[in-house]
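Visitor: Sequence:
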Amino acid sequence: MMNKKNLIVANWKMNLKTNDGVKLVQHVLDNGYDSDVIEVVICPSFLSLEAINRTVTKSPISVGAQNIFWIAGEGPYTGEVSSYLISGVCDYVIIGHSERRTILNEDDVLINKKVVSAIENDIVPIICVGETETNTSESDVKSMIFEQIAYAYDGISDEDAINTVIAYEPSWAIGTGNNNDSEVINRVCLECIRGGLNELYDSRVSNLVRTIYGGSVTGSIVSEIVQQEFVDGVLVGGASLSPDGFLEILRNSY
1403 MMNKKNLIVA
1413 NWKMNLKTND
1423 GVKLVQHVLD
1433 NGYDSDVIEV
1443 VICPSFLSLE
1453 AINRTVTKSP
1463 ISVGAQNIFW
1473 IAGEGPYTGE
1483 VSSYLISGVC
1493 DYVIIGHSER
1503 RTILNEDDVL
1513 INKKVVSAIE
1523 NDIVPIICVG
1533 ETETNTSESD
1543 VKSMIFEQIA
1553 YAYDGISDED
1563 AINTVIAYEP
1573 SWAIGTGNNN
1583 DSEVINRVCL
1593 ECIRGGLNEL
1603 YDSRVSNLVR
1613 TIYGGSVTGS
1623 IVSEIVQQEF
1633 VDGVLVGGAS
1643 LSPDGFLEIL
1653 RNSY
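At position 71 of the sequence shown (counting the first as 1) the number is 1473 in the numbering used here, and the numbers step up by one without a gap.
Keep in mind that the hints were calculated from the coordinates and are not lab data.
Just so you know, even glycine gets a beta-carbon here, dropped at the ideal spot from N, CA and C.
Some clues are possibly wrong.
Said to hold, decoys possible - As a list, the in silico SDA-like pairs of lysine to any residue whose alpha-carbon atoms are at most 20 Å apart: (1) K1407 - E1535; (2) K1515 - D1556; (3) K1544 - E1482; (4) K1515 - K1460; (5) K1419 - V1439; (6) K1406 - F1448; (7) K1544 - G1597; (8) K1406 - K1544; (9) K1515 - I1558; (10) K1515 - T1536.
What the hints assert, rightly or not - Simulated restraints on C-beta separations: (11) E1452 - D1524: 17 to 25 Å; (12) G1434 - S1622: 16 to 24 Å; (13) S1644 - N1507: 39 to 47 Å.
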């Protein structure tokens, strides 16, 4: 299996005005981290995409969006932002986050349309999957994730699938301070995510798709998570809103 940089994705959600976001990113750039071993993606609000993109120009940091509309181009869709409109500004986009699944009722069919849209405009989709309840059995978790992956990758070729990321984010862990055991996370990434991909593609694809974990990730636990064999990084929420807290995560992700 090829060596992959750990992927650290900051999902700012509906937080940080543009000036505050720029200051945070500049703080990270000024204080540094080892870009030879980790890749950093900042996902601000749509309002801040251009400013953050300018701030990270000529740096190793990439920019991502938190969502896109499912239509890939332009059209009469009030309030929506397409993959075409953010292409050239964003390298990544988060798709199917548990908050959008639960609060906005996004289903697997819509998520697949968004994945297709992102790929059409050369944006890497970060596809979120996972269970909703803490007491879900491992067999049910596997069935849920297999189904989510099957829908998300419907119609996606091997070569396009390779250029995707899957984030395992059990929704019960988002913003709660509760986490899965790192060995459980590793097992889910292997058996459920890579296993689900192996149902659709050959092992070359499942070995190259990066699998990351999201769920109350902090600087104190990130090292144990990213050291797991089948975990390729983390999706960070609240802890990415603090300049020093995010730096701690980056420096503990080597």
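Visitor: Checking against the hints above, which ones are violated?
Guide: 1, 3, 4, 5, 6, 8, 10, 13
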